[in-house]
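Model the full structure from these sequences, guided by the hints.
Just so you know, the protein sequences line up as chains A, B and C, in that order. Positions in the first sequence are counted from 1; adding 27 to them yields the numbering used here. Positions in the second sequence are counted from 1; adding 118 to them yields the numbering used here. Positions in the third sequence are counted from 1; adding 4 to them yields the numbering used here.
These are computed hints drawn from the structure, not numbers from a lab. Each hint should be verified, as a subset may be incorrect.
Said to hold, decoys possible - Derived DSSO-like pairs: lysine-lysine, alpha-carbon spacing no greater than 30 angstroms straight-line:
id, chain 1, residue 1, chain 2, residue 2
1, A, 241, A, 165
2, C, 37, A, 140
3, A, 29, C, 331
4, A, 191, C, 162
5, C, 331, A, 165
6, A, 112, C, 341
7, A, 29, C, 162
8, A, 251, C, 508
9, A, 251, C, 162
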Amino acid sequence: MKISVYRFDPDEDESPRMEEMELDLPAGRDLMVLDVLELMKARDPSIAYRRSCREGVCGSDGINMNGRNGLACITPVSEAAPRGKLTLRPLPGLPVVRDLVVDMGQFYRQYEKITPWLVNDTPPPAQERLQTPEDREKLNGLYECILCACCSTACPSFWWNPDKFVGPAGLLQAYRFLADSRDTATAERLAALEDPFSVFRCRGIMNCVSVCPKGLNPTRAIGKIRTMLLSQGI
Amino acid sequence: MALVTNVTSFGRSGLADFVLQRVSAVVLGLYGLCLVGFFATTPNVDHATLVGFLDSLTMKAFTTLAVVALAMHAWIGMWTVGTDYVRRHYFGRGHTVYLATYQVVCLGAIFVYVLWPLSVVWQISGS
Amino acid sequence: MARLPTMEFDGVIVGGGGAGMRAALQLAQSGLKTAVLSKVFPTRSHTVSAQGGIAAAIGSEDPDDDWRWHMYDTVKGSDYIGDQDAIEYMCSVGPEAVYELEHMGMPFTRTEKGRIYQRPFGGHSKGFGKGGQASRACAAEDRTGHALLHTLYQSNLKAGTTFLNEWFAVDLVINQGGAVSGLVALEIETGQVVFVKAKATVLATGGAGRIYATTTNALMNTGDGIGMALRAGMPVQDIEMWQFHPTGIHQAGVLVTEGCRGEGGYLVNKDGERFMERYAPTAKDLAGRDVVARSMIQEIMDGRGAGPDSDHVLLKLDHLGEETILKRLPGITELSKTFAHVNPAQEPIPVVPTCHYMMGGIPTNVHGQVLTQAADGNDAVVGGLYAIGEVACVSVHGANRLGANSLLDLVVFGRAAGIHIEDAMRQGIGHRDPADEDVDNATARLARWNESSEGEAVVELKRELQRIMLVNFNVFRSGDHMRRSIGDLADLRERIARAHLPDKSRVFNTARLEALELDNLLEVAEATAIVAEARTESRGAHARDDYTERDDDNWLCHSLYFAADKSVGKRAVNFAPSTVEAFQPMARTY
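Structure below.
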């Protein structure tokens, strides 16, 4: 199989380059892209990428495969490269540290900005705080985010304003806490999102929805935040 | 940088911008429909029929409203486009200067596009 | 060597999984200068993969549930070499630890009454084994570990914990008094080597499943904490006890939660027979994991395995109905489709017992303080060093861990270590500052790899190690094979000492990390092999074909392994819980 992979080591290279290679893949199995990376690394240990759980729950190996963001460990090669050539690049829009490894600092800072923890100032009861199954249901499709950054780095608004637009991943979590019946900081959370950038830079392009490896829908969550802001404003 | 973007933001907040953008769009839509209606029901449009169409207080007020809506709509849109694309990444360290210039040009153009139609409309008199 | 740059903290926690972050939270909340040093961003730690639940007798599903029943189940599950004081502590504190997680915002699934949903799990019973199956695993759908880990990370952000993310721990720094005064670590992004000095160093590095060629463990579970402890002269305990999870997806090794069987799924052989009814008439598919794993291998060895090679069995879920599966097991549905190309609502999932959990580890007391053995054979506390979570052996799991007890272990002992360190700091703990040479000692293996100029490749050596372990230290073990493997591993040690790291670059050099991890894998593998061969009995997860029975006369004890002379010793099991009568060893049937 023909593979083209983005290479860059800041100590060695002036600018990034695409390395072309030919790799024999074991027959009879539809490998995941991560398996291909591991085969490449066995041949050339210097190629750098993040990986860990290899089952799509830790969110380490978000990369760009043939132009599309996804997790290497749960993307079959046949799906990533239907025409036979696999092109691997780092997630777009974030500074490259080396090869397929990007600096996620900006992404994490946006996550931290939305107060990503439950706020409830009432003294906790001796047991758990009660929550009806219906209220708990509202967190589905939100709490499952693995912070892989596939969505935010597929979002043009995040490319343009990564320092000011929270981005789909952060906003999904912002709504996860707004939607939690146990959280009491709704007003403060909304006030912090009212500026022209944090939420309102979303243009509904929906790249986030199309690439999310967990099938989540940040655009819908952003819509709900807007509705909450509106109904609070009125 | 933050100062520039906040000061030049038309509304107080993203929410206000968001609402204004949509309200102004509705106004412009209605005004557009009104114009379409006029052109569709008027067989021969010439200067006289146009003057006649616009020469009522209601139409003058509606036109003014539409022009103001257009200005707000345009400014919010152009401001947003500017803060998306006129960035350090493309323009280097002096990008705030470029951004400010761009915004002044936009504001100037919008100013002209407001004054000109309004002066035309309010100079019309049915005598 | 020039003096390394130094960072200083009250407490440094190595590992950002459930245990590490729970301990960090405790310390940060008490105002101590706390750092979590992790080789991955914390939410990528392997806790995230835990699925089914966290066991605690909170009495949501059954108001009569009692932590003492949970304790009994855990002791029985451990095949009686779990320390009863530690198990007592874990089970009695468990509910409080779970409520704390809920208060932090963990999104547990709920019952109609609004309480935390609990599901049945293997080995959990009511009424000291006499009252039938218990529902005790508190669950957030089948993503409990993910929910727990993210919640703990969020709480640590709130508490202001310092995170040293993507830093690799090289080795512990031991001062002249034999106490631990921090560690040498490598910042992955820059390649900078730093001495991280701390009054308390907490190892929370998780497991080492990657000593096996197939495992449910993440690629980074390479036993770094075990490696560091053994090189620093500490012992490891019960390291021969490796849990094989009954339901790893065939070939992929990906975990399918026991919660599937908790929700009513069951295993069938190629004839469609629910074979666990024969092996464990009462608990059936929810017997102890070691029992189920052995039964599955027995079925396969007897020619009743499924598939063209008769090399696996099937986990049947379709009778639960699509709605239940989607509601209770959405993650499993995803994983089965991706890795087994099977929709569990329609077809059974091909599964095989797969290496899952390291019951053994660094011996500690209930406060997480690391213990070694003094010359007189008594326990001695190692100054400045704590271990919690999978890397530790406190020991609550003994020879076989119960499902849903690992997450509980993490939060209970993470919290306990935090509380103990807090107290110790208040009373003022101080160790002698390490000499420069003490710090240099901890950089030795890094220097070795950096100076290597030729030799075998890391990846080949790793593959060989993993193959040796998979073939010879699986669900069933034979004396001959184990003895041969010990020789093979000794050879491998020689070869690894001469292996080559071709890439010496500075920035994000993952080849260097894999070389350093290989050192750790080797330490774990060799310890496992030597102790497994030495324990001449079958107990819990350790099943030998030459010693098929449990031998309480000689082996109702912990094993203790020292790497310096590769010696195996014994340590007494605690049979002295403080509020209940000890549970005496009985024949273990389900």
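Q | Agreement of residue 29 of chain A and residue 162 of chain C with the hint, judged by alpha carbon distance not exceeding 30 angstroms | A | violated (47 angstroms)
Q. Taking only the CA atoms, is the gap from residue 331 of chain C to residue 165 of chain A under or equal to 30 angstroms?
A. holds (13 angstroms)
**Q.** Distance restraint between residue 29 of chain A and residue 331 of chain C, which requires alpha-carbon spacing of 30 angstroms or less
**A.** Not OK: residue 29 of chain A and residue 331 of chain C at ~41 angstroms, beyond 30 angstroms, violated.
Q: Measure nothing beyond the straight line between the CA atoms of residue 251 of chain A and residue 508 of chain C; if it is 30 angstroms or shorter, mark the hint as holding.
A: violated (50 angstroms)
**Q.** Agreement of residue 37 of chain C and residue 140 of chain A with the hint, judged by alpha carbon distance not exceeding 30 angstroms
**A.** At roughly 23 angstroms apart (the allowed maximum being 30 angstroms), residue 140 of chain A and residue 37 of chain C satisfy the hint.
Q | 30 angstroms Cα cutoff - pair residue 241 of chain A, residue 165 of chain A | A | holds (17 angstroms)
**Q.** residue 251 of chain A paired with residue 162 of chain C [C-alpha distance capped at 30 angstroms]
**A.** holds (25 angstroms)
Q: Below or equal to 30 angstroms on CA atoms is what counts here, so check residue 191 of chain A against residue 162 of chain C.
A: Cα-Cα ~21 angstroms, so holds.
**Q.** Satisfaction of hint between residue 341 of chain C and residue 112 of chain A, Cα-Cα up to 30 angstroms
**A.** Cα-Cα ~25 angstroms, so holds.
When held up to the earlier numbered hints, the structure conflicts with 3, 7 and 8 and fits the remainder.
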